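Novice: The residues making up each chain are set out below.
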Amino acid sequence: MSDILTAPAPAQTRTGISWREGTLLTRNNCPEGELEKRWTRHKDSLRLVAPHNKRKLEVIVVGAGLAGASAAASLGELGYRVKVFVYHNSPRRAHSIAAQGGINAAKNYRNDGDSVWRLFYDTIKGGDFRARESNVYRLAEVSVKIIDHCVAQGIPFAREYGGYLDTRSFGGAQLMRTFYARGQTGQQLLLGAYAALQRQVELGNVQVFYNHDVLDIVVEEGKARGIICRNLITGALHSVPAHAVVLATGGYGNAYYLSTNAKLSNATAIWRACRRGAYFGNPSFVQIHPTCIPQSGEYQSKLTLMSESLRNDGRVWVPRTPGDKRPPHEIPEHQRWYYLEEWYPSFGNLVPRDIASRAAKRVCDMGYGVGPTGRAVYLDFSDAIKRLGKEVIYQRYGNLFEMYEEITGENPWETPMRIYPAVHYTMGGLWVDYNLMTNIEGLYAIGEANFSDHGANRLGASALMQGLADGYFILPYTIGDYLATQLFVKLTTDTAAFREAEKETQQRIDRLLSIQGKRTVDEFHRELGKVLWDECGLSRNAQGLLSAFEQVRALRERFWREVYVPGTGEEFNQNLERALRVADFLELAELMIIDAYHREESCGCHLREEYQTPEGEALRNDEEFAYVAAWEWNGENQPPTLHKEPLKFEFVKPTVRSYK
Amino acid sequence: MRFTLEIWRQKNAQDEGRFEVYEVDGISPNTSFLEMLDILNERLIKEGKEPVAFDHDCREGICGSCGLFINGRAHGPLPNITTCRLYMRHFKDGERIVIEPFRAKPFPVIKDLVVDRSALDRIIQKGGYISVNTGSAPDANSIPIPKAVADRAFDYATCIGCGACVAACKNASAMLFVAAKVSHLAMLPQGQPERRQRVKRMVAQMDSEGFGHCSNTGACAVECPAKIPLSAIAQLQRDYIWANLTPDLYAR
Ligand SMILES: Cc1cc2nc3c(=O)[nH]c(=O)nc-3n(C[C@H](O)[C@H](O)[C@H](O)COP(=O)(O)OP(=O)(O)OC[C@H]3O[C@@H](n4cnc5c(N)ncnc54)[C@H](O)[C@@H]3O)c2cc1C
Ligand code: SF4
Ligand code: FES
Numbered sequence: 001m002s003d004i005l006t007a008p009a010p011a012q013t014r015t016g017i018s019w020r021e022g023t024l025l026t027r028n029n030c031p032e033g034e035l036e037k038r039w040t041r042h043k044d045s046l047r048l049v050a051p052h053n054k055r056k057l058e059v060i061v062v063g064a065g066l067a068g069a070s071a072a073a074s075l076g077e078l079g080y081r082v083k084v085f086v087y088h089n090s091p092r093r094a095h096s097i098a099a100q101g102g103i104n105a106a107k108n109y110r111n112d113g114d115s116v117w118r119l120f121y122d123t124i125k126g127g128d129f130r131a132r133e134s135n136v137y138r139l140a141e142v143s144v145k146i147i148d149h150c151v152a153q154g155i156p157f158a159r160e161y162g163g164y165l166d167t168r169s170f171g172g173a174q175l176m177r178t179f180y181a182r183g184q185t186g187q188q189l190l191l192g193a194y195a196a197l198q199r200q201v202e203l204g205n206v207q208v209f210y211n212h213d214v215l216d217i218v219v220e221e222g223k224a225r226g227i228i229c230r231n232l233i234t235g236a237l238h239s240v241p242a243h244a245v246v247l248a249t250g251g252y253g254n255a256y257y258l259s260t261n262a263k264l265s266n267a268t269a270i271w272r273a274c275r276r277g278a279y280f281g282n283p284s285f286v287q288i289h290p291t292c293i294p295q296s297g298e299y300q301s302k303l304t305l306m307s308e309s310l311r312n313d314g315r316v317w318v319p320r321t322p323g324d325k326r327p328p329h330e331i332p333e334h335q336r337w338y339y340l341e342e343w344y345p346s347f348g349n350l351v352p353r354d355i356a357s358r359a360a361k362r363v364c365d366m367g368y369g370v371g372p373t374g375r376a377v378y379l380d381f382s383d384a385i386k387r388l389g390k391e392v393i394y395q396r397y398g399n400l401f402e403m404y405e406e407i408t409g410e411n412p413w414e415t416p417m418r419i420y421p422a423v424h425y426t427m428g429g430l431w432v433d434y435n436l437m438t439n440i441e442g443l444y445a446i447g448e449a450n451f452s453d454h455g456a457n458r459l460g461a462s463a464l465m466q467g468l469a470d471g472y473f474i475l476p477y478t479i480g481d482y483l484a485t486q487l488f489v490k491l492t493t494d495t496a497a498f499r500e501a502e503k504e505t506q507q508r509i510d511r512l513l514s515i516q517g518k519r520t521v522d523e524f525h526r527e528l529g530k531v532l533w534d535e536c537g538l539s540r541n542a543q544g545l546l547s548a549f550e551q552v553r554a555l556r557e558r559f560w561r562e563v564y565v566p567g568t569g570e571e572f573n574q575n576l577e578r579a580l581r582v583a584d585f586l587e588l589a590e591l592m593i594i595d596a597y598h599r600e601e602s603c604g605c606h607l608r609e610e611y612q613t614p615e616g617e618a619l620r621n622d623e624e625f626a627y628v629a630a631w632e633w634n635g636e637n638q639p640p641t642l643h644k645e646p647l648k649f650e651f652v653k654p655t656v657r658s659y660k
Numbered sequence: 001m002r003f004t005l006e007i008w009r010q011k012n013a014q015d016e017g018r019f020e021v022y023e024v025d026g027i028s029p030n031t032s033f034l035e036m037l038d039i040l041n042e043r044l045i046k047e048g049k050e051p052v053a054f055d056h057d058c059r060e061g062i063c064g065s066c067g068l069f070i071n072g073r074a075h076g077p078l079p080n081i082t083t084c085r086l087y088m089r090h091f092k093d094g095e096r097i098v099i100e101p102f103r104a105k106p107f108p109v110i111k112d113l114v115v116d117r118s119a120l121d122r123i124i125q126k127g128g129y130i131s132v133n134t135g136s137a138p139d140a141n142s143i144p145i146p147k148a149v150a151d152r153a154f155d156y157a158t159c160i161g162c163g164a165c166v167a168a169c170k171n172a173s174a175m176l177f178v179a180a181k182v183s184h185l186a187m188l189p190q191g192q193p194e195r196r197q198r199v200k201r202m203v204a205q206m207d208s209e210g211f212g213h214c215s216n217t218g219a220c221a222v223e224c225p226a227k228i229p230l231s232a233i234a235q236l237q238r239d240y241i242w243a244n245l246t247p248d249l250y251a252r
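In order, the protein sequence lines correspond to chains V and P.
Here the working numbering is used: position 419 in the first sequence is 419, and no number is missing along the way.
Here the working numbering is used: position 79 in the second sequence is 79, and no number is missing along the way.
For the record, the hints were derived by calculation from the structure and aren't laboratory data.
It should be emphasised that the depicted structure is a prediction, and the values quoted were computed from it without experimental measurement.
There could be a bad hint or two in this list.
Stated by the list, open to error - Here are the simulated lysine-lysine pairs, DSBU-like style, with alpha carbons at most 35 Å apart:
| id | chain 1 | residue 1 | chain 2 | residue 2 |
| --- | --- | --- | --- | --- |
| 1 | P | K200 | V | K145 |
| 2 | V | K518 | V | K145 |
| 3 | V | K390 | V | K660 |
| 4 | V | K518 | P | K11 |
| 5 | V | K530 | P | K170 |
| 6 | V | K644 | P | K147 |
| 7 | P | K11 | V | K263 |
| 8 | V | K390 | P | K227 |
| 9 | P | K227 | V | K503 |
| 10 | V | K386 | V | K325 |
| 11 | V | K653 | V | K263 |
| 12 | V | K43 | V | K145 |
| 13 | V | K503 | P | K49 |
| 14 | V | K518 | P | K46 |
| 15 | V | K644 | V | K43 |
| 16 | P | K92 | V | K518 |
| 17 | P | K92 | V | K263 |
| 18 | P | K46 | V | K263 |
| 19 | P | K227 | V | K145 |
| 20 | V | K263 | P | K170 |
| 21 | V | K145 | P | K147 |
| 22 | V | K530 | P | K92 |
| 23 | P | K46 | V | K530 |
| 24 | P | K227 | P | K200 |
| 25 | V | K503 | V | K386 |
| 26 | V | K390 | P | K147 |
Stated by the list, open to error - Listed below are several chain V residues computed to face chain P (Cβ distance under 8 Å; list not exhaustive):
| id | residue |
| --- | --- |
| 27 | N89 |
| 28 | I147 |
| 29 | H149 |
| 30 | E160 |
| 31 | R182 |
| 32 | A195 |
| 33 | Q207 |
| 34 | Y210 |
| 35 | I233 |
| 36 | L237 |
| 37 | H238 |
| 38 | G297 |
| 39 | T304 |
| 40 | F572 |
Virtual Cβ for every residue (Gly too), placed ideally from N, Cα, C.
With the rest of the complex left out, here is chain V (with noise of 0.2 Å):
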C-alpha cells in the first residue's frame, strides 16, 4: 500500500526477544459514515468489470474449504477463469468438513430480539474489542443471504415440524441464532459450496487443481502474479500466474501438534506470504475450546472436539472435593460444583469458550480435575435427559455421544463426558484491508487465513459464518475492484521473479532431504507443540514467553541438522510434505510467541498472567493495545517489524467484558 511509510525504527530490544516499531497502518480502506450504510456504499464504489472481460481475467484460489470453495464458485458464476488449488485429493476433504455445531445468522426467525446489530455487538464484545468494526458490522449484515443461499443449495438444515427453520443458541450469546445441519453443519456448507464448485468445473469456468501443494506466493514489483506449487503424487513443481491469488488456506492451530484441526491443516501458504511482505495480523490470538476430548496417550495423533453446542444441555462440574475419585454417580448432588453456573450465573455454561477454557484449566491448577490424568472435567447431561427425553437428546447429539463413545469406550448416556481444553482455532491470520486484500496487491486472504473479523476470540458457529460470508458475498464484490486495473497485464511465469521462487523452493526441498539426520518430522513437531501449548497456550507470561522463544530457536535449529526425510522430492512422499509444513510452523511459532509478549495486556484468548484480575478476568489495557499487530518479517532470525493498526470504536464503548 503506497501511503505506509515504513520508518526505520531503532529495534527494540528487550532480552532475547526484539522487533522494530514500523508504522500506524491507517489505511485499510474502511468506509466512514453510518455503519448500517457503509458496506452498500462501499460496494457502490468500486470499480466493476464487465462481462466480456472478466473472462480474461484469471483468479488463483489456494484451498476449497467453505472460504475457497465458496469464493471460487462465485467468482466462476460471474465469468473470471478460476484455477483452485488444493493439496487435498478433493476439495471435499477441507477440514471445513469437521465442523459441527452451525451457523449463526441474524435472521430472527425466533422474534427473540435479534438482529443485524446485535449479532455485530456480540462479535465486536466477544473479541473483547479487538476486531474492527466496520468489517463486523457487515460480516452480520451478509450473515442473512448466507442461510438464503444455503437453503436454495438444498443443504438439509434441521427444521421445526411446521417444515421451517430451527435454531439453537450458542456459546456466548443469549439468542438462538445458531442454524445447524445434526451435528455435522460444516459438512453440509461445505458439500454445499463443493457441489456450486463442482458446477462451475463442469460449465469450464473453473479448473480444479487436486494434491498440489503451494509452497509459495510469486509477488513482482509489490503485486501478486502466481504460485508455486508441488504436484504431490509426481513432485514436478510449477509456477502458475495470475492477475489474482486468493488465500483460503485455513487457520494454522496445527502448530500446537494436537488440536481440534485435520491432521494436514498448516500454515505452509499464509506463512510464505508473510515471507513475501505479507503482513501477519495478530499472531498469537489463538483460541483453545472448552469441549475436547481429553488426551490419553502420547502417540495420540490429534484431539477430538466436542461440538460446544452440548453446553446448551450439558452442565459442567467437577466434585466439590480435590482429587475426589470416586465414579461420578456415587458423587451427590450437593457434592458436586458447577463453577461455571456459580462464576458466571447470567451465562452459565454458555459463557465464550475462552472463559470457559480458562475456568478449567483453573479448576484443575486447584486439583478439582477428574479422570486419570485429573486434567478434566465433567459434562453432563443427566439432567437434560431427564427433562427432555432420551430421544430430544439423540435428535441434537446423537452422532457426538456415538463418536465420544468410540473413543474413550466410555458410554455418555450413562456416564457424564470428560473434557477438557484444546487448541481449536486462530484468530490471527493474515492482516488484510476491508477489501480483505493483503498489503500486498492483489492478493487477498479469506475465511480462517485471514485475522480480519474475531478479535482476540471467536464466537461459537462464526466462522463458517465468516468463510461463507468472504467467500460467496464480500471477495466476489471487493475482487472486482483491482482486477479492473489488471485488464491489459500479460501473464507469464518468464521472470526472475518466478525463476528466483522456483529455484528457492527446490532448495529448500533438496536441503530438507540432504539433511539425513536420525529425529523424524513429527518428533519436533511434538516438541514444537509442547513449547507453544505450555508457554503459549491458555494462559501466557514474560517469563515463559522468553524462554519459550529461545526453545523455538533452538529446535529450529536442531530441526535444520537432525531431521531425517526419507525418499525423494521426485515422488509421492508424505513425510516431505510434512517436513516443510514443521519447517514452516517452527518459523511461524516465533512470531506468534514475539506478539503474545509485546502485547502486555489480557485480552480475549491471551491471558498475560501479569495482566489479570484479581479473580483471574482479563485486564485489557485499550490505551496502549487497542490496536491491531501487523507484523512484518525480515529475515530468519531478524526481529520483524510490528505495524499497528489502531482500533476506533464508534459505535460500540468497549467494556469490560463481563458474562457474570
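With chain V's structure known, arrange chain P with the ligands on it following the hints.
Specialist: For chain P with the ligands alone, coordinates are given in the frame of chain V:
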C-alpha cells in the same frame, strides 16, 4: 498388544506391488488404527526404511480421506465406521492383520495404500447440485419443508465420499454413492427442476468411469460409514426409470 501386519506396498501406479510383513508390539488398546500405522512409520523411518503411505486427514470419520481394506473388509472389521475410527481394542492381541488399498478399476493406486478416487468428483460434476447462483436465493423460510422430509434428505446427504461402497461391492459399483446424492436432492422441493437430468447424467458418468452395476447384495450399506440406507438405491432406480420412460415435458 502385538500384531503382525501384512501390508500392500506399491511404489507407484506402474509398480506391480506386493505384500510385506511387519511386526508391531507394545500397542495400547486405545491407540487408533491409524495411530498404530503412525507408530510403525516412525519406526520404519528410524530404521531408514520407506514408511507406508496412506490417506487420512480429519481422523474423526467425516472427511472421507482414509480408507483401508482390512482383513478383507472396507474400513475393517466393524460395520459402518471409517478406518480412522477403528481402535486397536477392536482387534485380538497377536492378530494377523492384512491391510490393502481400496481396490476397484476406477480407483487406481497412487502409492501403497493411497488410491485416486477423483472419479467420484466427476460424477458429482454431472449434476450433483442445484443450479443456483450466489445472490439469487429467496428468503430461506419461504420454502417450508416438512421436518420428516428434511431429516431424510439429511440422512442421504451425509455421504462422506470415501468410496467404501465401491470397495465392498463385488462389481465395484458406485451405486450407493450416486444414490445418496440423487436421493438427497430428490427429497427436496429445490431439487425438483433438475431431477430428471440429474439422475440420468450422474448414472451415465458412473458407467463411463468404469464402475460396475449394482450387485443388489447390499454389501455397500454394511460398510458405509455414513449409514446411507439401501432405500437410496431404490429411490435412484425409481427415478432413473421414471426419467427415462416418461416424457419430459420441460426438456430443452
Ligand atoms: C472440529 C472443528 C469443529 C468446528 N466447528 C465449527 C462450528 O460448529 N461452527 C463454526 O462456525 N466453526 C467451526 N469450526 C471452525 C471452522 O470449521 C473453520 O474455521 C473453517 O471451516 C475454516 O474454513 P476455511 O475455508 O478458512 O479453511 P479450511 O476448511 O481449513 O480449508 C483449507 C483449504 O486450503 C487448502 N490448502 C491449505 N494450504 C494449502 C497449500 N499450501 N496448498 C494447497 N492447498 C492448501 C486445503 O486443501 C483446504 O482445501 C470448527 C473447527 C473444528 C476444528
Ligand atoms: S455412500 Fe457411504 S460408503 Fe459410499 S462413498 Fe458415501 S459414505 Fe462412503
Ligand atoms: S481421516 Fe477423515 S474420515 Fe477418516
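Novice: Return the numbers of the hints above that this structure violates; sort them in rising order.
Specialist: Violated hints: 2, 5, 6, 9, 11, 25, 33, 36 and 37; rest satisfied.
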